[in-house]
Each structure stands twice: as structure tokens, then as C-alpha cells.
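Trainee: Going down the list, the protein sequences come from chains A and U.
The UniProt record's numbering applies: residue 1 is where the first sequence begins, and numbers increase by one.
The UniProt record's numbering applies: residue 1 is where the second sequence begins, and numbers increase by one.
These are computed hints drawn from the structure, not numbers from a lab.
One thing to keep in mind: the hints can contain errors.
Claimed, not checked - Derived EDC-like pairs (lysine to aspartate or glutamate); straight-line CA-CA distance at most 16 Å:
1) U:Lys83 to U:Asp187
2) A:Lys31 to U:Glu268
3) A:Lys212 to A:Glu102
4) U:Lys231 to U:Glu303
5) U:Lys183 to U:Glu46
6) A:Lys220 to A:Glu109
7) A:Lys221 to A:Glu66
8) A:Lys216 to U:Glu46
9) A:Lys215 to U:Glu386
10) A:Lys212 to U:Glu46
11) A:Lys214 to U:Glu46
12) A:Lys216 to A:Glu125
13) A:Lys35 to A:Glu125
14) U:Lys48 to A:Asp96
15) A:Lys164 to A:Glu183
16) A:Lys118 to A:Glu102
17) U:Lys48 to A:Glu85
18) A:Lys214 to A:Asp96
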Amino acid sequence: MTKGHQGHLNGVKMALRILVGCKRVIDYAVKVRVKPDKMGVVTEGVKHSMNPFDEIAVEEAVRMKEKKLASEIIAVSCGPQQCQETLRTALAMGLDRGIHVEISGKDYETLQPFHVSKILAKIAEEEKVDIIFLGKQAIDDDCNQTGQMTAALLDWPQATFASKIEKNNGDLMVTREIDGGLETINVKLPCVITSDLRLNEPRYATLPNIMKAKKKPIAKKSPADLGVDVSPRQEVLSVEDPPVREAGSIVQDVDELVSKLKAAGVV
Amino acid sequence: MFSVCRSCFSAIRNRLPIIEHGRRFSAHAAVNEAKEPDTAQLFTQEHKELRRSLGRLIEQDINPYVDEWEEMGQFPAHEVFKKLGQAGFLGVTKPTEYGGLGLDYTYSVAVAEELGHINCGGVPMAIGVQTDMATPALARFGSDELKKQFLEPSIAGDVVACLGVSEAGAGSDVASIKTTAVKKGDDYVINGGKMWTTNGFQADWMCLLANTNEGPPHQNKSLICLPMDAKGINLSKRIDKMGMRCSDTAQIFFEDVHVPQSYVVGEEGQGFTYQMIQFQEERMWAAASILQTLQNIIQATIEYTKERQAFGQPILNNQSVHFRLAELETEVELLRSLLYRTVGLYVQGQDVTKFASMCKLKVGRLGREVADSCLQYWGGMGFTNEVLVSRLYRDFRLISIGGGADEVMLSIICKYMNTLPKMPQKK
Chain A
1 MTKGHQGHLN GVKMALRILV GCKRVIDYAV KVRVKPDKMG VVTEGVKHSM NPFDEIAVEE
61 AVRMKEKKLA SEIIAVSCGP QQCQETLRTA LAMGLDRGIH VEISGKDYET LQPFHVSKIL
121 AKIAEEEKVD IIFLGKQAID DDCNQTGQMT AALLDWPQAT FASKIEKNNG DLMVTREIDG
181 GLETINVKLP CVITSDLRLN EPRYATLPNI MKAKKKPIAK KSPADLGVDV SPRQEVLSVE
241 DPPVREAGSI VQDVDELVSK LKAAGVV
Chain U
1 MFSVCRSCFS AIRNRLPIIE HGRRFSAHAA VNEAKEPDTA QLFTQEHKEL RRSLGRLIEQ
61 DINPYVDEWE EMGQFPAHEV FKKLGQAGFL GVTKPTEYGG LGLDYTYSVA VAEELGHINC
121 GGVPMAIGVQ TDMATPALAR FGSDELKKQF LEPSIAGDVV ACLGVSEAGA GSDVASIKTT
181 AVKKGDDYVI NGGKMWTTNG FQADWMCLLA NTNEGPPHQN KSLICLPMDA KGINLSKRID
241 KMGMRCSDTA QIFFEDVHVP QSYVVGEEGQ GFTYQMIQFQ EERMWAAASI LQTLQNIIQA
301 TIEYTKERQA FGQPILNNQS VHFRLAELET EVELLRSLLY RTVGLYVQGQ DVTKFASMCK
361 LKVGRLGREV ADSCLQYWGG MGFTNEVLVS RLYRDFRLIS IGGGADEVML SIICKYMNTL
421 PKMPQKK
């Protein structure tokens, strides 16, 4: 466990190094279908994009660079060859370079936040980053674990579900969306932040930036390069559609409602 | 401005009126994008990113408002063009000195294809006028001052352009236009009128084709940049059209309109030639912009007929229906193949007049066929203004007429086939 590289503090311009996680997921607009073997969902030939919460993290990192708070912003994606496309989108939005941790086939199917957090922690140490920016959760598995696990592995503070991030001398002041409302905390660097929906509205990648992104480098690594074991820790037993919603019935009055609820065993 | 509800991404999914078939999400034996030879040769990762970004812009800033704009009979061109201009989509092939990206024509085609996701024909058409009809000649032949004044802000999306070529008395027969621009001192004085002017009511400047000098009808015309706030320009009529309703179309009259002679684009007398040169691009662009929409209509019709039941089963189960949709899908792919082949040859520097004319001819007819056949399967709903298919049925009727009528396309193809009879000699 290390403390990582400290950005300049005490009023001096911050030159933070930021690592942003970009997961390639099935596009939110796609109607997801369960595979016939009921062991997963159909991904072949299906439109994929960057996880929307990760896009928000990318946007925030770019804004921090524009405000001269960040000096270098790096995108990282774990998965098959097509993750390079996801990285290209991040580069087109304004990130400086990308790291593709290539994981495919069976290894990719069984990849879990536990593995990814180890990968991110290792890269963060190697790249001496000050902030790891992740989406709060991925829209395919809804785990909401990677940010928290990564922080724990590094023994860094975490600010999850961030809806606002401000500079506070050498620290960051982060407003979090929690069940009860909004909670504002002060976080020391280095730290892990996960983005919530209202943090910002991601920009369109402009065509000039899309063309510039072509020249930005994407480094390729394997889990072995990082000393991370991605052997599965879980076994999927089955994947099924949620049950079809059954028709309701109209009741005449409260008495009938109560008797029906009693008959169903819920009261 | 309406802001898309983002509290739940799946809620947005339910709002999308069209399933984006072009992005290939079918569950069964799906086409693997990496295996398609056409796109792999023509389109790169950057083309893909371009389409992704433009698709986002369309989804957030255009499609949610289309119904409203169709109702109002006008879309806000300045607002929309500014957004497109800022993202770099209005100057894809234009010179970098004026804010363009200087990319090759395949990028224009990528933009055109993505615009096919817009839920109407009017907005893509208006954008096409700005990028591929009113500005190409200026970009290629105009003076530096003229480009700074008119091209640069058009690329940035700060001004709206329109094209003044067709007249009430001359559409297909461009050579017989009557508008004149006569030299007087340092000015041209323009008299006459134009018809069918897309963006006419919102335009800041017009790329005008007028008779400027003596000579045969193909050599006596010039292209002139005309500011639309010049005195003597009368926007007389907002044409009430069957389709393309959110695109404003004007009939315009010119009465002693003065414009500096320096506003001529390139060489005097070359206007007709300049206009002809860019027709190939215009025609390929038209085909590209409609293909995606045709696929969207077919896909939406599949979704509708899957749900709609008659006589105990989905309409889609009838062989006449799913077979017909398969035929239409086949035709769309055939046209796409011709288009990509044409574009491929064009970027190599070949003359593609014959193929580009074929693309235009086919897209006009196929657009009508797809819209008409699909509308039938929507039944009564297809006849209402509440569904997309009826709007596109109206919008696409124009394609066989505007931008080069079918009959003109056929004449061109016949010329290349050496079957066109000689014109009777005028005595």
C-alpha cells in the first residue's frame, strides 16, 4: 500500500494525475436478451458503448484539466480488443492517453470488481496517480463495488456517488448523493471518487478532437504484467429474464382488497 | 429547453421512437460488424467515433424537438447549425484555413448516414444545403476574402446558407434560368427571382446562380454570394408543402438588388460549370442520408407488426409481411453497396457521374417504395400523423423530384450508355 504521488498543495497550482476507469458495456438503449443457454446475455453483434457513469467521470477529469487542476488524465479499460474503441471515445473527449488491460474469452466472462480493483490499484501505483475516477456502477452488472474495493486495497479515502467536486486548499470537497439527501465531505489526496448522475453532462466529442485522438497512445497490458490473478471467484449458475408481470385485478372496495391480500398471505 | 430525463437510462430507452437498427443489436445470428468488407475498407475508427458523437447530438438536441418543429413549420436553423458547427460537423471536407477539417469525402458520407437517424427529412435536407450545396463551390473557387466572409461563419454554424438556383420557370433545366446580374459601377444589379429555396427564410446569405455575361447558356452564368439582408430582396412566399414541413422553403424576388462584383465566386461565366461539378457529391450525399432512415422505418415496422395482432397472431407472422420486409431490406443493402462503391471510386479521383446518378435515382424510388409498403403494414395508425412512417412517406416523395429529378438522372445514365437521342437542332 502506498500513498501515491502528492499533487502540489498550499495554494500552488495543483498538477493532479488522474486515472479514469472506462468500462465497455452493452449500450443503454439496447433491449438486452438472455442467451438460449441461460448462462448470460447476448453480446455478439450487439451495440456497446462506454458505461454512462464512466463518461461522466471522463467529463469531470477533462474539466479538471481545463481548469488546470489536473496535469495528466489517463483512461483505463479492462476487457477484449474492442475496449480500444471505448478508450478512443475517452481520448476523443479529451483524455491524454489510454491503457488497455487485455482480458478476453472465459477470463473476461468471469471478471469481477474484485479483480478489476486490483488491476486499477496496481496501475494507480505505477502511474503515481492522485485521483482514481470511476463511475459509481456499471449498467450491466450494477455492482457498485469497484471504487470502494480499489480504495480499500490502496488504503486511500473514497468519495462515492459524487455530484459535485471542489478544490479545498490541497484537499477536495466532495458533495455526495446519499439516501437522506446530500452529504459534503473533505477528502485528502490521493483518493478514489465515483461519479453519480448529476455530477455533470458529458460533452459531445467534437470532430477535431476525434481526429486528434488518433495520435494519442494506447498502451497494452495483461493482468499478468500487473501481477494480478484473474481466476474466477464465482460461478454463474443461471441467468433468467425477470418474471413476466401478471395482470392485476380490480377490487370493489377495501374489504375485498384486504381479503385478497390475506388470501395471498401478505397480511 | 427540454432536458432529457436522465434519472434512469432505461426510461430513455422506452422513449426512443425508433430502434436504431443501423447499430445492429439483433439477438439471433447477428452480422458481426468486423466482417463487413465495405465499411472496413471505407470507414475507420474515426468515422465510427464521428457517428457516435453526432448520434448523441441528434438524440439530445434534435430528435426530442422534431415533432414540435414539424408542427410549427420551421426548425430553428441558427440554433441547430451552431451546435453542429461547434462540434465540427459542418466543415468536414472544407479547408482547415476556414475552420474546416480538410478530411476526405468518406467523412461527409459518414455524417450524412448518421443524419438519417433524425426523425424527419426536413432537418437533414437543410443541413445538406449548408454543407454540400451552398458551400462546395465557394470552398473550391472563391477568393480568400469571400471565404472569410461567407464560408468561415457557415462552417462555424454562425450563419445559415441557402442555394438560389431553381426558379419558378426553370428547375431541371438550369441553363434556362432568367435571373440576371448586370454590371453597374462596382456592383452587380440583380433582377429576377428564385423558387424552392430551402432555408430561404432563415438564411443569412445565398449562393446565387445568375446570368452575368453574353455567351451560350452554359457559359454565361456566375455564382455570387448574396447577403440576404440586401435591399430589394423580397421573401414573398413561404411555400406550404406536403412534406419536409419543418424546413422553410421560400419563393424569392429580386428587384434591383446591389451586390459588390467582388462577391462573385471564382471566374465570371463559370457558374454553371461550378454547380455541375458538385452535383456528384450532392447525389451521393442524398443517398447516404436516406439509407439509414429506410432501415429505421423497416425496423420500426417490424416492431409494430410484432405487437399488433389480427386473427389471433402478430401481423408480422404473415408471410406476405415478413417476406416483403425482407425484400425491402435487400434493396436497401443493394443501394448501400452501390453507394459505397461510388464513394470508394470517387475518393480515388474517378469520375462517378454515372454511378452517382444511379444512386440518386434509386434512393428516390426506393424511399417511396419502402415508405409506401411499410405504411400499409401500420394499418390505420399508418395513416395518422402520430407515427413516423407517415411523415417519412410525405417527406420522401420529394426525393425523386428535388436535387435532380428522376428523369434527369435517367437522361444522364442514358448519355453514358450512348442511348440518348440527339437534341433537335435549333434553327
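Trainee: Does each hint fit the structure? Answer for all of them.
Mentor: Status of the hints after comparison with the structure:
At roughly 35 Å between alpha-carbon atoms, lysine 83 of chain U and aspartate 187 of chain U are farther apart than 16 Å, so this suggested pair is violated. At roughly 57 Å between alpha-carbon atoms, lysine 31 of chain A and glutamate 268 of chain U are farther apart than 16 Å, so this suggested pair is violated. For the suggested pair lysine 212 of chain A and glutamate 102 of chain A, the alpha carbons sit about 24 Å apart, so the restraint of at most 16 Å is broken. Taken as a hint, the lysine 231 of chain U and glutamate 303 of chain U pair is broken in the structure, with Cα atoms around 53 Å apart against an allowance of 16 Å.
With a CA separation close to 47 Å, the supplied pair lysine 183 of chain U and glutamate 46 of chain U exceeds the 16 Å bound. Distance restraint check for lysine 220 of chain A and glutamate 109 of chain A: the Cα-Cα separation of roughly 20 Å exceeds the 16 Å cut-off, and the hinted pair is therefore not satisfied. Proximity of lysine 221 of chain A to glutamate 66 of chain A is assessed by CA-CA distance (about 29 Å); at most 16 Å being required, the pair is judged violated. Simply put, lysine 216 of chain A and glutamate 46 of chain U have alpha-carbon atoms about 13 Å apart, close enough for the 16 Å limit, and the pair holds.
Under the criterion of a C-alpha separation no larger than 16 Å, the hint pairing lysine 215 of chain A with glutamate 386 of chain U is inconsistent with the structure, at around 47 Å. Restraint check for lysine 212 of chain A and glutamate 46 of chain U: satisfied, since their Cα atoms lie roughly 10 Å apart, inside the 16 Å limit. A threshold of 16 Å between alpha carbons decides the hint, and for lysine 214 of chain A with glutamate 46 of chain U the separation of about 7 Å falls inside it, so the pair holds. Between lysine 216 of chain A and glutamate 125 of chain A, the direct Cα distance comes to roughly 22 Å. Violation of the 16 Å bound is thereby established for this hinted pair.
Among the hinted pairs, lysine 35 of chain A with glutamate 125 of chain A is inconsistent with the structure: their alpha-carbon atoms are about 39 Å apart, more than 16 Å. Among the hinted pairs, lysine 48 of chain U with aspartate 96 of chain A is inconsistent with the structure: their alpha-carbon atoms are about 20 Å apart, more than 16 Å. With a CA separation close to 10 Å, the supplied pair lysine 164 of chain A and glutamate 183 of chain A stays within the 16 Å bound. Under the criterion of a C-alpha separation no larger than 16 Å, the hint pairing lysine 118 of chain A with glutamate 102 of chain A is consistent with the structure, at around 14 Å.
At roughly 9 Å between alpha-carbon atoms, lysine 48 of chain U and glutamate 85 of chain A fall within 16 Å of each other, so this suggested pair holds. With a CA separation close to 11 Å, the supplied pair lysine 214 of chain A and aspartate 96 of chain A stays within the 16 Å bound.
This entry does not satisfy hints 1, 2, 3, 4, 5, 6, 7, 9, 12, 13, 14, going by the numbered hints stated previously.
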